[in-house]
Every structure is written in structure tokens, then in C-alpha cells.
Amino acid sequence: MRAHAALAVLAVVLLALPWFAGSYALSVATLILYFAYTGQAWNVMMGFAGQLSLGHAVYVGVGGYAAGALFFHYGVGPWAGLWLAILLCVALGLVIGFLAFRFGISGVYFALLTIAFAEFTRIGFDHLDWLGGPGGMFLKVAQRDSIDLLNFRGPPAMYYYAILALTAGAFALCFLLLKSRAGYYWQAIRENEEAAQALGINTFRWKMLAVAISSAMTAVSGVFFAFYYNNLFPEQIFHISRSIEIILGPIIGGVGTLFGPILGAVVLTVLSDGITEGLAALGWEIPGIKQVFYGIVLLAVIMFLPNGIWPALARRLGLHK
Amino acid sequence: MSLDLVANVVIAGVLTGLVYGLMALGLSVIFGVVRVVNFAHGEMMTIAMYATTVLFAALKLDPFLCILPVAAAFFVFGYAMQVGLVNPFITRPEHSQFMLLVAVAIIMVNALLMIFGPDARNVQVDYQLESFEIGKILIDKARLYSAGAAVLAALGLFAFFRYSLIGKAIRACADNYLGARVVGLDVKRLYALTFGLGSLCVAVAGCAMVLLVDVTPALGPAYTLLAFVIVIVGGLGSMGGALLGGVLIGVSEALAGLFIVPSAKSMFSFGLLILVLLFRPQGLLGRK
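So the protein lines, in turn, are chains F and Z.
Note that the numbering used here has the first sequence beginning at 1136, numbered continuously upward.
Note that the numbering used here has the second sequence beginning at 6, numbered continuously upward.
No wet-lab data here; the hints were simulated from the structure.
Since the structure is predicted, the reported quantities are computational estimates derived from the model, not experimental observations.
Ideal placement from N, C-alpha and C gives every residue a C-beta, glycine not left out.
Be careful, since some hints might not be right.
Residues from chain Z shown here face chain F by an in silico Cβ test under 7 angstroms; the list is partial [stated by the list, open to error]:
{"no.": "1", "residue": "Val42"}
{"no.": "2", "residue": "Arg97"}
{"no.": "3", "residue": "Met104"}
{"no.": "4", "residue": "Val107"}
{"no.": "5", "residue": "Ile112"}
{"no.": "6", "residue": "Asn115"}
{"no.": "7", "residue": "Ala116"}
{"no.": "8", "residue": "Met119"}
{"no.": "9", "residue": "Phe233"}
{"no.": "10", "residue": "Leu278"}
{"no.": "11", "residue": "Ile279"}
{"no.": "12", "residue": "Leu283"}
{"no.": "13", "residue": "Pro286"}
{"no.": "14", "residue": "Gln287"}
{"no.": "15", "residue": "Leu290"}
Covered stretches of chain F (chain Z as the covering partner; in silico rule of three or more C-beta atoms under 8 angstroms from a C-beta of chain Z) [claimed, not checked]:
{"no.": "16", "stretch": "1202-1216"}
{"no.": "17", "stretch": "1238-1248"}
{"no.": "18", "stretch": "1372-1382"}
Restraint-style ranges between C-beta atoms, simulated for each label pair [stated by the list, open to error]:
{"no.": "19", "chain 1": "Z", "residue 1": "Arg186", "chain 2": "F", "residue 2": "Val1147", "range": "55 to 61 angstroms"}
{"no.": "20", "chain 1": "Z", "residue 1": "Leu289", "chain 2": "F", "residue 2": "Gly1409", "range": "46 to 52 angstroms"}
{"no.": "21", "chain 1": "Z", "residue 1": "Asp219", "chain 2": "F", "residue 2": "Gly1418", "range": "29 to 35 angstroms"}
{"no.": "22", "chain 1": "Z", "residue 1": "Lys65", "chain 2": "F", "residue 2": "Tyr1159", "range": "48 to 54 angstroms"}
{"no.": "23", "chain 1": "F", "residue 1": "Val1276", "chain 2": "Z", "residue 2": "Val11", "range": "46 to 52 angstroms"}
This is chain Z alone, in the form it adopts within the complex (with noise of 0.2 angstroms):
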């Protein structure tokens, strides 16, 4: 095996992960904040991507381009689960939180399989067969042009956590519940918002996968697994992290895909969570 072919597939593993980083960023800011483990995430990923094929189909709407109505709409959607069925369940025990957010994914994958059935979606553009060669290294365009979209959408996140007025009275919240509502910030709303921007990394990063993989309601429940796996592995909570578990759980699966059967890759990314949780619970860019 060359190592020419090893590098391609660790850097497709690269760009990928850093796709799922985003998606999994949107899970790592709701529980941060809201401390609520969003089980319905990956079923909003698949939305999120049928929405894009549906734009695609419709007007030949660019999959980067229809990222801007699909995050609007979903922002506007997470906001509203949060201030219509999640903030009554913010003081409930979790698995009465669990159960509220597995019926909500049981009716989204089902709701798609109802409207799409249950053959796979996918979007063609011309660049998804073009590469970029150096050397001997080829790069995907789609898939770079991806990763790119979803580096860009953390930054944008990163940023207006840290520059923003209402960014700051969100981590606020996060840091010191009762402190925040007596210096008078309304944490409910505050709350949406997060819901809502998290829901926004899912709409961008569900955008930018569709030109990576097709789509199917199954993938659903694969991909809440998967954003689980990120966030523990990068730390519950921490934004850098969600990105860097994203990448190492990208690379890992590309790696597994290559050396062992494809069908294993899984197992690696669930082991891998397993130690982490032995052993640093708290991720690895996490804090204690």
C-alpha cells in the first residue's frame, strides 16, 4: 500500500471530520448551555439534507447557496423547540428529557421516510468530479469546498461567542445559571437562541454533507450516534473540541475503511469513546 494512497485517504478523513465537527459543534453548544443531550441532532442533519435536495431539485439552487435559507429556517426552527417543548422539561429528570427528544426523532426520521421513502437522495453538481493534484496528492473539490463552508460557520460561532454582547450573556448562562438571572438576563430566551444556533450548525453542516454522501431517513439515528461520539471524544461542551473530535473520529473511520473492512469503522469510533470516557471523561479538550 502506498503512502501516497494513505495520505489522500487521511486528508478526505480530514475534510470529512471537519463537516461532522460542525454538525457535532451544534450538539456541543446546546448541552453546554442548555445542559440538554439533544438525541434528535442526527434526525435534523438528514432534514437539513433533504431540505438541500429538495432546493437542489427545485430551482438548481447550489447546495452552498441554499445553505442560506436552510440555516434561517432551521434557526428559526430550533428556537421554536426550544421555547414550545424543550424549556418546560429543562428542570425534569434526564431520562424524562431523553424520551421528550426520542419521541421527536422517531417522528422526524419517519415523517422523511413518509414524504421521501426510503430509497437515497444526493445532489449532482460538475465539481463533485473535479480534484485538485499536488503532486500526487488529489484533493476533492467538493469535499474541500465542504470543509471549508464548515470552517467558516465555526468561526462565524467562535466569534460571536466571544465578541458578541448576547454571545457573552449566552456563556453567561452556561457558566453560572442563578448568577445570570440575577444580573436580570432573560435565560429562557437566551436558552432559544442557543437551541436555535445550534440548530443552525446542524442546517450548514447538513448543506455541505449532502455533496459528500447520499441521504437516507436511516442515516438519522447513525449520524445522532456519530455527533454523540464527537462531542465526548472532543469534550461535552467545548467548542474546539467538537471540531477536533470531528476530525479524529473523520480520519479514524477513513483509516478503518482502508486497512480493516468498511463496515467496521464504527467500532473504532465507539471504542474510542469508551477510553475516552475511562479515562478522560471530561474529553479532551474539555474541562473539568
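Isolated chain F (complex conformation) (with noise of 0.2 angstroms):
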């Protein structure tokens, strides 16, 4: 009861956020939630399904570019762009499926494999001139005052709703998967996946489900990414930076729950903006200070609070679960 008051409380904030949140703040906050939901779509893989994917970043960007593509060359919209984001994104990540569960690669090597694609794939956009090589490719940025649903674009209360609304919607979508057969399904592979192969459970098919949706997911996320930041690099939007960036909430907040990737991102971004104000609070401006702040928190998060910092929050406020 108490849980489900506190969820109303947060739902009514995060509505209201645009009325008394200043540009920055709306800023940070979209950042959370862009970071929550990739994080979410992640964890379907690796959190329900066990497949640990250390090349995300490919889904985001590969999303990203045929989105910004198809609205810089033809001023086609982003809600056609989706379709064909998702579409090429599922096709990508069901070959990395299919070529890996076929082949029996798993655990470090399969990590490796999502690296080898993600790389791969990022040094063939940096030769690809229709896509703006190395160079980029920017999309139009049009008035910033006005909304303009059809194109996506409008001002930043408008993204900010959007990626609300896709954080919600991924939040409803993996707590009915995780309901579901398919959940099921997914958390016996995740725990022994030879015993659920001896019960009769399709493992191929039911990791391979899990790729289909965690990177349409993910192709959401780039579409998004590519129609918020309007600039689009290969090495930034493919580089295994970003792919790590995308996990470390989830593992942060907890692989595998619900709440984890949303808690995660949230403390992830607050301490990340809170060490630059603090260090430029103090007039420490050295570049790779904050990094190297953040690196020992991660350090400290991964050795005390092993599963995630969601389920000894969940533990210590009485949360079964």
C-alpha cells in the first residue's frame, strides 16, 4: 500500500517536473530517463535472459542513423524513421543471435562477439560518406518554441514527455514479460540453461525472442537520441564507451529487477553532475578528475553492494522481492 502511494507521489513529480524545473534540471532529468530506458531494454537480455550483450551501443546507433538518415536525405519523419529503425535493428540483432546461439557461443565469448559487431560496425560508419563519415551528420533543428509532432520536433518539455512515456510504456512491457511465459521461460535459462533445455524449453528460440526485443527497444532509444541531440558520430554514438555507459545502470541499480535500471540511472547521472559541480565547486578543473571520482564510486558500488544497490534498498525499506 505504502509502495503504491509512494509510485502515485513519483508519477504526479515526474508529470508536473516541466511546470517548476528550470532548462538544466528538465536537462538532467531527460538524461535519466533516456539512460532508464536503454538500461531497461538492456536488461531484458542480460537480466532476464542472461545474455550478457557488451555491444549495445550498435542498437542505438545503427536506430539513430536510419531515423536521422531517412529524415536528412528525404525529410521523411522519425515515425516512419522508427519502423525502419526497429526493423533493421531487430534483423542485426537476431544474426548476432542466431550466428551465436547457433554456434554455441556463450558467457565471455558472447560478450565479446556483441564487442566485435558494435566495432566493426563503428568503423563502417566512419567510412560511409552518404551517413557524414567521420564527420557526423546533423539534422535540422528547427524552431525551438513551437511543436512539431510530425517531425519531432518541438521544445524540450516535448522530449521530455516523450522519453517519460517510453520509460513508463518499457516499465509496463518487462513487468508484463517478466509475468509472462516468456519471463519464465527467460529466468530458467538465466539460472541453468541446460537444465531448461532438459525441461523441454526451446532455448534458441526464447534467447533469441530475447535479443528481438531488447534491441527493438534499443532502436527506440537511438531514434530518440538522434531527434534530441540533432548530431549523430560514429565514434561517439558506436564506441564501447557508450555500450558500458548503457549497462553500468542497470548493474548499478540491479541486473535483472525491475526498478534496478531506473535506480540506477538515477544515482549514475546525479553523482555524475554532482562530482562536476562539486569539483568545480572547489576549483579542481583537471580533465579526467571526475572520472576518476566516478570510477571509484563504481568501484566501491560493485564491491559492497554485489546484486545492485535495488535490492538492499528493497531489502532495508520491507519490499519483498
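Combine the two chains into a complex, taking the hints into account.
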């Protein structure tokens, strides 16, 4: 009951945020939600089905470039581009998944295969002049104060509501997935794949489903990224540090939990901004110092809360699970 | 394009590849025994390279003489890292180990950035500009010496694992963890020694590599990926495979730089990695 009340209060605060938050706070909130959503997408594959992907930036990049290129070259808005992005990313995910699962690649090797695909794609995009190559692709920015829903152009609050809706939708979807047949099969595969197989679960098919859902969700986050930031560089969007950024949130928050990716995104973004502010206040503005502190906090969390923050917090709050 | 040019490029690729191979050997040894993938491997390599530039600038110490102090320091550092950080994570899931070493890597890259700034550093010795001429083939002296140091270090490590009692004990841990404990081996200490030895390989490779390329903090993550590619191609856990993989990647990078655009060179490495993972996941020299 208390948990429901807390959720209701949170929902009201989130919905009303653009009215009382300044533009900086709104951009931080948008960033948090972006990472919460993308982390939730990754969590379907790793947290639910136990397949460690370290190359999720490839779906953000391909999704972003697909919708971005349609808009850039043909003026087609993201509502059509979204479907192209999802189509391409699911196809790519299924190719990677098919190759890996058919050839029996798992664990560390699967993780390295996903890195290899992401890096391969990054360097490939660097040499695709049609998409701007290393110089990047820039989407036209129209009037910031009028809302053009058709082309997904508008003020920051519009993007905030869009990503809020996506995050809420992803949360609901993951909630339903976990309660569905697929969710139970995935968890069986995650805990012990051979046992799951022995029980008659077609592990190949269910793992492919997890990859398809995860890559489709991540494609949407790529489209959002493209139209929110309006610029795409292969060096940035596909880089392994982006893949790491995506998965830090869910790992810090709690892999396989519903609230983990959201909590992790909040903690990491607030931490990162807090460190920046704190160091600026102290006048210590040496390049790299912020990331050193960030790394030390990551190290501390992973050492002392191996299952992430959410499971420990939920136990403390007396929420079961 | 003349055949001599291709031959020159291939020889340079082989020699650089041997240094890559030694770096990857460190990763392979650590994974083969401790079963933890060191995601901070390339970052450690850049630390060794920076240490060499500092010793060179301060004491005018030749990079090959720097190997002794740097390798000793790295052995101690690797030992301490295994005891302090990695040992508690041995039984944790892979993503947890991954996070631990990624955090270490983030700290390392940015600590280097804080101390040395983003600009490239190097060492300058006279033999970097000299070369041996055999007919129309030119071999850079610095590159040849670097490859020689890498091969010597790798041979030393092979001999250690084959003939010394501690080396045999470490191999026993890798082959059969439970069996090693049953016969009374101190597995945790042997793991720490292994991490120390893997770090030592990186240190030697770093001292040699600084003669061939300029070092920046951003090189760290790139070397980590390179080391992964090499050990997977050669066979994760196989010592000879790491050297073979290093040479293959060195040559393919050199040839890609010659025939296609240099910036596309690592695309071939990753392409090769994908093919090997799919068709020979245990690597070229790995055992099933």
C-alpha cells in the first residue's frame, strides 16, 4: 500500500516536472530517463535471459542513423523512421543472436562477439560518406518553441514527456514480460540453460525472442537520441564506452530487477553531475579528475553491493523481492 | 606497387605483431588461469608506456633498460590487484567481474589524463632512425629490438610454465581447480602470482611499444580491444596462440594500412575476430 502511494506521488512529480524545473534540471531529468529506458532494454537480454551484451551501442547507433538518415536525406519524419530503425536493429540482433546461439557461443565469448560487431559497425560507419562519415550527420533544428509532432521537433519539455512515456511503457512491458511465459522461461535459461533445455524449453527460440525485444527497444532509444541531440558521430554513438554507459545503470541498480535500471540511471547521472558541480566549486578542474572519482564510486558500489543498489534498498524498505 | 614495399610492410607488421602478441599473452595467461577477463589490460599497457617515458626523460634510461624496474613494479602491482580486488570476485558472475575491471580501467585512463594531459608523448633514441638493409628490404632497428625483447620475454614465460615447480603448480590450478586444492596448493596465492606475471608481460610489451608509437591516454581502451581480438583469434588461454594472433593482427593491420585506408585497419581485425568466433571459437591454437 505504502509502495503504491509512493509510486503515485512519483508519477505526479514526474508529470509536473516541466512546470517547476528549470531548463538544466529538465535536461538532467531527460538524460536520466534516457538511460533508464535504454538500461531497461538491455536488462531484457541480460537481466531476464542472462545473455551479456557489451555492444548495445550498436542498436542505438543503427536505430539513430536509420531514422536520422531518412529525415536528413528525404525529410521523412521519425514516425516512419522509427519502424525502419526497429526493423534494422531487430534484423541485426537476430543475425548476431543466430550466429552466437547456433554456434554455441556463450558467456565471455558472447560478450566479446557483441563488442566485435559494435566496433566493426563503428568503423564501417566512419567510412560511409552517405551518412556523413567521421564528420557526423546533423539534423536540421527548426523553431524550438513551436511543437511539430509530425517531425518530432519542439521544446525540451516535449522530449521530456516523450522519454518519460517511453520509460513508463518499457517498465510496464518488462513487468508484463516477467509475469509471462517468456519471462519464466528466460529466468530458467538464465539460471541454468542445460536444465531449462532438459525441461523441454526451446532455449534457442526464447533467447532469440529476448534479443529481438531488447534490440527493438534499444532502436527506439537511438531514434530518440538522434532527434533530441540532432547530431550523430560514429566515434561517439557506437563507441564501446557508450555500450558501457548503457549497462552501468542496470548493473549498479540491480541486474534483472524492474526498478534497478531506473534507480541506477538516477544514481549515476546525479553522481556524475554532483561530482562535476562539487569539483567546480572546489576549483579542481583538471581534465579526467571527474571520471577518476566516478570510477572510484563504481568500484565501491560493485565491491560492497554485488547485486546492485535496488535489492539492498528493497530489503531495507521491507519490500519483498 | 612493388613487391619490396609489400615485403617491408609485412616484416614491420610481423615485428610489431610480436609486441602485440606479448601484450595479449599477459591477458591470455590471466584468463587461462584465473578465468577473469582483464578489461583494464590495455590501460595497464599505457601505464607501462608512460612509466618508460618518465624514466627516459628523468634518467635518460634507454627504454630497454626501463624494462627491469617497470616489469618489477608491474609484477608487484598485478599481485596486489589480484589479492585486493579480483580474488573476492572469482566466484561472482561475469558481468560483476566485468564491472570491477571496467571501473579500474576508467580510473587508470583518467588518472593518466590528469597527470600527463591528452597530448602524445614518446621517447627519442638514435637507433629509432636507423635500419638494417638486406638487399632492398629495410628493417627498423628499434622495431627489431622491440620484437626481440618480446620474444625473449615470451620464451622466458614459456620456460617458467614448463619447467619451474611454481609454473607447473599454476598450470595445475588452470587445469583442475578442485584437484589443485585437494593436493594442497595455495590457489589464491598462485592466482596472484599469475596476475603478477600477466602484468609483467604487459610491462615488457609497453616498454618495447613506446619505441614504435606515441602514447596517449586514449590508447588504453584501444589496446584492450586489440588484446581481446588477438587472444580470441589465437585461442584464449593458449600461450603460443597469443603470439600467433599478435603476428596475424600485426600483419593484417599493416597490409590494410597499405592497400586500403589506414583508418579502416582495425575493421579487418574485428572481422577476423567475428569469423574466428563463429567457425573456430576455441581460437586457432586453442583446445576445446
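Tell me the hint numbers this structure goes against, listed in increasing order.
14, 15, 16
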